[in-house]
Structure formats: structure tokens, C-alpha cells
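From first to last, the protein sequence lines are chains A and B.
Under this note's numbering, think of the first position of the first sequence as 1, with each following residue one higher.
Under this note's numbering, think of the first position of the second sequence as 1, with each following residue one higher.
By construction, these hints were calculated from the structure, which means they are not laboratory data.
Keep in mind that this is a model prediction, so the values were computed, not measured.
Heads up, the beta-carbon is just placed ideally off N, CA and C, and yes, glycines get one too.
Check each hint, because a few of them may be wrong.
Computed from the model, here is a short list of chain B residues facing chain A with C-beta under 10 Å [as the list claims (entries may be wrong)]:
hint, residue
1, Ser95
2, Ile164
3, Phe165
4, Thr289
5, Ala293
6, Thr296
7, Trp323
8, Pro326
9, Gln328
Lysine to aspartate or glutamate pairs mimicking EDC-like chemistry, simulated, CA-CA at most 20 Å apart [to be verified]:
hint, chain 1, residue 1, chain 2, residue 2
10, B, Lys230, B, Asp90
11, A, Lys157, B, Glu89
12, A, Lys136, A, Asp182
13, B, Lys270, A, Glu133
14, A, Lys19, B, Glu162
15, A, Lys157, B, Glu286
16, A, Lys161, B, Asp90
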Amino acid sequence: MSSVVNRFKNALLSLDNIKAREIILEVINQATPEAASVTIEELIYRSMSDIGEGWENDAVTLAQVYMSGRICETLMLDLFPEIGAESGKGPKMAITVLDDFHLLGKRIVKSILISNGFHLLDYGTTNVEQLVERVKKDGIQILLISVLMLPSALRIKELRKALTAAGLRPYIVVGGAPFRFDRNLYLEVGADATGAHAADAVGIVKGIISTETQWHSHN
Amino acid sequence: MAQPQLTSMQRVLTTLSHKEPDRVPLFLLLTMHGAKELGISIKEYFSKAEYVVEGQLRMLKKYRHDCLYNFYYAPLEVEAWGADVIFREDCPPNSGAPFIRKADQIKSLRPPSVKGSRVLQKTLESGRSLKAAVGDTVPIIGVVMSPFSLPVMQMGFDKYLELIFEEPALFERLMEVNEAFCIEWANAQLASGVTAIVYFDPVSSSSIIPRETFMRTGFNVARRVIPRIKGPVAMHFASERCLPMADVLPDTGALAVGVSSMECLAALKKAYGGKMALVGNLNGIEMRTWNAAAATNAVRDAIAKGGAGGGFILSDNHGEIPWQVPEQTLLAISEAAHTLGRYPLAIADNNAA
Numbered sequence: 001m002s003s004v005v006n007r008f009k010n011a012l013l014s015l016d017n018i019k020a021r022e023i024i025l026e027v028i029n030q031a032t033p034e035a036a037s038v039t040i041e042e043l044i045y046r047s048m049s050d051i052g053e054g055w056e057n058d059a060v061t062l063a064q065v066y067m068s069g070r071i072c073e074t075l076m077l078d079l080f081p082e083i084g085a086e087s088g089k090g091p092k093m094a095i096t097v098l099d100d101f102h103l104l105g106k107r108i109v110k111s112i113l114i115s116n117g118f119h120l121l122d123y124g125t126t127n128v129e130q131l132v133e134r135v136k137k138d139g140i141q142i143l144l145i146s147v148l149m150l151p152s153a154l155r156i157k158e159l160r161k162a163l164t165a166a167g168l169r170p171y172i173v174v175g176g177a178p179f180r181f182d183r184n185l186y187l188e189v190g191a192d193a194t195g196a197h198a199a200d201a202v203g204i205v206k207g208i209i210s211t212e213t214q215w216h217s218h219n
Numbered sequence: 001m002a003q004p005q006l007t008s009m010q011r012v013l014t015t016l017s018h019k020e021p022d023r024v025p026l027f028l029l030l031t032m033h034g035a036k037e038l039g040i041s042i043k044e045y046f047s048k049a050e051y052v053v054e055g056q057l058r059m060l061k062k063y064r065h066d067c068l069y070n071f072y073y074a075p076l077e078v079e080a081w082g083a084d085v086i087f088r089e090d091c092p093p094n095s096g097a098p099f100i101r102k103a104d105q106i107k108s109l110r111p112p113s114v115k116g117s118r119v120l121q122k123t124l125e126s127g128r129s130l131k132a133a134v135g136d137t138v139p140i141i142g143v144v145m146s147p148f149s150l151p152v153m154q155m156g157f158d159k160y161l162e163l164i165f166e167e168p169a170l171f172e173r174l175m176e177v178n179e180a181f182c183i184e185w186a187n188a189q190l191a192s193g194v195t196a197i198v199y200f201d202p203v204s205s206s207s208i209i210p211r212e213t214f215m216r217t218g219f220n221v222a223r224r225v226i227p228r229i230k231g232p233v234a235m236h237f238a239s240e241r242c243l244p245m246a247d248v249l250p251d252t253g254a255l256a257v258g259v260s261s262m263e264c265l266a267a268l269k270k271a272y273g274g275k276m277a278l279v280g281n282l283n284g285i286e287m288r289t290w291n292a293a294a295a296t297n298a299v300r301d302a303i304a305k306g307g308a309g310g311g312f313i314l315s316d317n318h319g320e321i322p323w324q325v326p327e328q329t330l331l332a333i334s335e336a337a338h339t340l341g342r343y344p345l346a347i348a349d350n351n352a353a
């Protein structure tokens with residue numbers, strides 16, 4: 001890992017937002033050859049991926065993952081206010097928590113995606129019926145669902161069925177504790193992908209985008 | 001030579017003293033399954049103490065395990081603080097929207113009165129009835145949310161993490177209020193007849209907060225609270241990891257620790273052996289898909305890694321078995337625990353060093 005990414009990651013893990021901001025400015029200003037060797041997007045994605053992998057290996061904690069994502073989101077929205085706005089480009093994405101008030105996972109994934117320049121709608125907590133309506137109304141192509149409870153995870157199967165019945169076939173990307181304890185659960189509930197940690201959402205979304213050139217034919 | 005059969009209480013006390021009883025004790029930490037026994041909804045089941053008592057006693061008989069679990073649902077305590085609880089037909093009752101919406105509210109926060117809370121009194125009533133039913137033959141397990149983890153339901157996880165790292169004075173004030181409540185609630189349960197308290201503290205897990213933060217927050221809270229609980233206490237991290245905390249957790253005064261399926265039981269046994277008994281670590285999420293053979297294999301593996309020398313209670317890794325786990329799986333787990341868990345153990349961990 002390049003030392004600028006390493007320094008940024010360490011600033012995030014130490015919750016040092018001042019140092020993190022300094023490093024982002026180094027990259028923006030290409031202050032050193034090393035800082036010029038990465039884009040801001042790479043800086044954040046690589047740092048957050050490494051932090052996410054660290055969480056999987058118990059080297060990094062959930063609190064650090066959340067606070068790191070929050071620092072990235074705050075800095076990026078401060079330095080580039082336009083990234084929070086809908087650009088009209090890219091897939092239509094939404095994120096939600098299904099049947100639950102445990103919102104932390106959604107908040108982390110949202111922060112990481114925004115920090116990587118994606119726009120997404122935040123549906124908060126929804127149920128299956130509300131979600132089908134909103135996916136239809138907003139033309140959602142990638143739906144990210146965070147759950148904590150097993151029954152909420154199992155309800156995604158009902159959601160997929162209801163979406164299909166409504167003639168909708170968005171990509172469903174899922175995450176949360178039940179999917180960590182049962183690695184095949186995402187297939188059982190009809191999701192297209194799951195991540196081991198929040199930063200995986202960026203790679204998954206990029207992967208979907210790379211395979212989909214004609215979004216209108218998918219939905 | 002095989003030992004004479006002990007009561008569940010004797011079995012558990014023996015293993016908690018790090019000696020081998022007649023067999024590995026089994027705690028099936030069942031809550032909602034009592035509603036299935038009575039043929040009523042989860043919401044109705046938890047509406048009356050008598051239903052919980054009947055459900056627990058029927059499950060004790062059916063599954064031949066070693067405890068009664070006087071735990072209703074995780075948001076019971078925040079319900080006493082005035083929060084909403086959301087009931088669904090197939091999952092544990094869930095906490096509604098957080099009732100601390102702004103951190104400033106913490107300044108004037110007051111804990112609820114245990115005596116004045118209908119839901120807490122209902123739990124004490126079932127504790128008394130269970131004690132009357134089994135006396136000292138079966139341990140009755142009560143539950144508290146740790147003062148350090150309760151704020152996840154009080155104010156939401158994201159806002160709580162921000163409070164821990166950015167508002168130390170308000171954090172300390174919240175701990176002060178929650179600690180007073182936790183101690184009163186735990187001791188009221190013990191006075192009702194409950195034998196031991198499970199102190200659920202997932203936020204303290206090494207998966208959730210950095211060690212240095214834990215040492216100045218959750219650890220200090222546990223060290224202040226647990227010694228003031230007038231009975232045995234087990235710390236539980238609700239499926240999250242605790243292996244890296246083995247060097248300090250015994251200093252809290254807790255006698256046992258609930259361990260995760262994400263960590264190797266043999267490594268946990270080595271780290272905690274002789275200092276804290278282990279409770280775990282069957283994977284509750286996978287359990288719903290197990291057939292009898294899978295259940296037997298999981299039990300065999302856990303006993304082989306954790307059973308030697310006592311200091312081990314076979315249980316699930318979360319502290320609550322999902323509603324989706326069928327009766328036949330629970331019966332298979334129980335049967336395997338009774339046959340494979342008999343001391344001296346006939347099975348050993350093949351992977352042990």
C-alpha cells in the first residue's frame with residue numbers, strides 16, 4: 001500500500017479528521033509525487049477497503065469503520081459539495097433498512113458510497129410493500145439493503161418475489177449480521193450480491209455498472 | 001467411572017468452578033419458542049408472566065436442558081424508559097425509534113422506577129413463579145442490558161458512537177444514569193428468585209470498539225456495575241468477539257462469558273481457562289438449516305473444544321435462539337449434548353495442539 005493511503009487510513013483509524021483533511025488536500029494539490037500518484041477516489045476506496053478488511057479480521061472495530069466513513073463523507077461533502085447532489089449520471093441507487101430500526105450499517109455504507117462519488121436515495125426504514133412502490137416510482141436499478149435481524153434478511157425473499165410480480169428486477173445488494181454468520185444466505189433470499197464489509201459495496205456497485213451498459217433493458 | 005447424575009443447578013455450579021460435573025450443561029436460551037409451545041403469538045406470549053412461566057417450564061421438560069431463561073426481549077428495558085416496542089409474528093420484539101433524539105436530553109434524563117414499571121414488574125413476577133416451580137434445582141437466568149450498550153436503543157447506534165468519541169461529559173452523565181438503573185434492575189431480579197444475571201454488552205466487544213476506548217468506557221462501567229450486582233454475573237457479547245479481552249475481562253468480576261461462533265472455542269478456552277467459564281458457541285443463524293447430523297456434529301465439535309476440565313456451558317452464540325430454529329433441531333442438539341457431553345469425555349479436539 002502506498003504510504004499516502006496508509007497515512008490516510010491511520011488518520012481515519014485515529015479519528016483524526018484534521019490530519020485526514022490535510023492528506024486529502026495533499027492529493028488534490030498533488031503536493032508530492034506520491035500524493036499525485038493516487039486520485040481522491042482511490043485514496044478513500046483503498047483506505048476504506050483496508051479498514052473493512054481489518055474489521056473482518058478483528059483488527060479494526062465497527063466504531064472505527066463508522067467514524068472513518070463519517071469523516072470521509074464530511075470531508076468530501078465539505079470540499080466537493082456537488083457530490084451529494086443527483087448528477088443524473090450512473091445507476092439509480094437507493095439504500096434502506098428492511099423492517100428494522102438498526103440503522104448503523106446503512107449509515108456506514110451510505111457514507112462510503114457518497115465518499116466515492118455515488119449518489120443514492122436514502123429510504124430509511126421500509127417494509128416490503130413500501131419498498132416495491134418506491135423502487136417502481138424512482139426507477140431504482142441497484143437497491144442496497146441493510147439488516148440486523150434474521151427475519152428481516154429472510155423477508156428479502158418476499159421482496160424479490162413482490163418486485164418480480166410488479167415487473168421489476170433491480171439488483172439487490174445485501175449486508176448485515178445474518179449474512180456474516182451464513183455466507184450463502186444472500187443466495188437463499190434472492191439477492192445478487194453481498195459484501196463481507198461495508199467498503200465492499202463500492203466494488204460491488206462498480207462491478208454491476210461495468211456489466212450493465214444498457215440500464216433501461218435491465219429494469 | 002461415571003459420576004452420579006446431578007441436578008441442573010449442581011451441574012452448572014460445578015462447571016462454573018472449573019470442575020467436570022456429570023455432563024456438559026446445556027443452556028438452550030429460548031425466548032419466543034415458548035409462544036409456539038402455547039400456540040399463541042409472540043406478542044400475546046410476552047403480555048403475561050404466566051405465559052412465560054408455562055412456556056419456560058414446558059421447554060425445560062421437552063428439551064431436557066439446564067436453565068430457565070427469564071428473558072423477555074432486548075427492548076424490555078427501554079420500554080420501561082417509555083420507548084416503543086415493535087412486535088412481529090416471527091422475530092424478537094424490536095426497539096422502535098430512539099427516545100433520546102438530541103444529546104442534550106441526557107442532561108435531564110432520569111431512570112425509570114423498577115417498582116413503578118409494569119413491564120419490569122411482570123418480569124419479576126415470572127421470576128418468582130419460576131423459582132417457586134423449581135426451587136434450587138434449576139438455575140433461573142435473568143438479563144440486563146449493560147449501561148454501556150443500552151444507549152444503542154436509547155439513542156441509535158450512530159449517534160451513540162458520536163457521543164462516545166465527541167461528547168465525553170454527556171457520555172459520562174448517560175453512564176451514571178444507566179448504571180444506577182442497571183444495578184437496581186439486576187438486584188430486583190435476583191431478589192425475585194433469579195439465580196444469575198447475564199450482562200449483555202455487545203458494544204464492549206473487540207469487534208465494536210477499539211481496546212483503548214473499551215478500557216476507558218465499557219470496561220470501567222462493567223467494573224463499577226458488576227461488583228454491585230448481588231449474584232453471579234455472565235458477560236455476553238451477543239455473537240460478537242471477545243478473545244482479545246481475555247486478559248482483562250476477569251477483572252470485571254463476571255464468572256462466565258458468552259462467546260461467538262466467529263472465534264475458535266479452543267483458543268477461547270485456552271485464553272479464559274480457569275478464569276471465566278465459557279457459554280457458547282453454536283451458530284444460531286446456521287442452526288435453522290441444521291439436520292440431526294449437522295446438529296450432532298456442531299455439538300461434538302463444541303464439546304471437544306470447550307468441554308475438558310469443566311468451565312463450559314454449551315449454548316448458542318447469541319444469547320437467544322432464532323424463532324426459525326425448528327423443534328427437531330433443538331431436540332437433536334439436546335440429545336447430542338446428553339450423549340456426547342457425558343464426563344469423562346469420550347471425544348477430544350483433534351485439532352488441539
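Quiz item: Against the structure shown, which of the earlier numbered hints fail to hold, in ascending order?
Solution: 5, 6, 8, 9, 10, 12, 13
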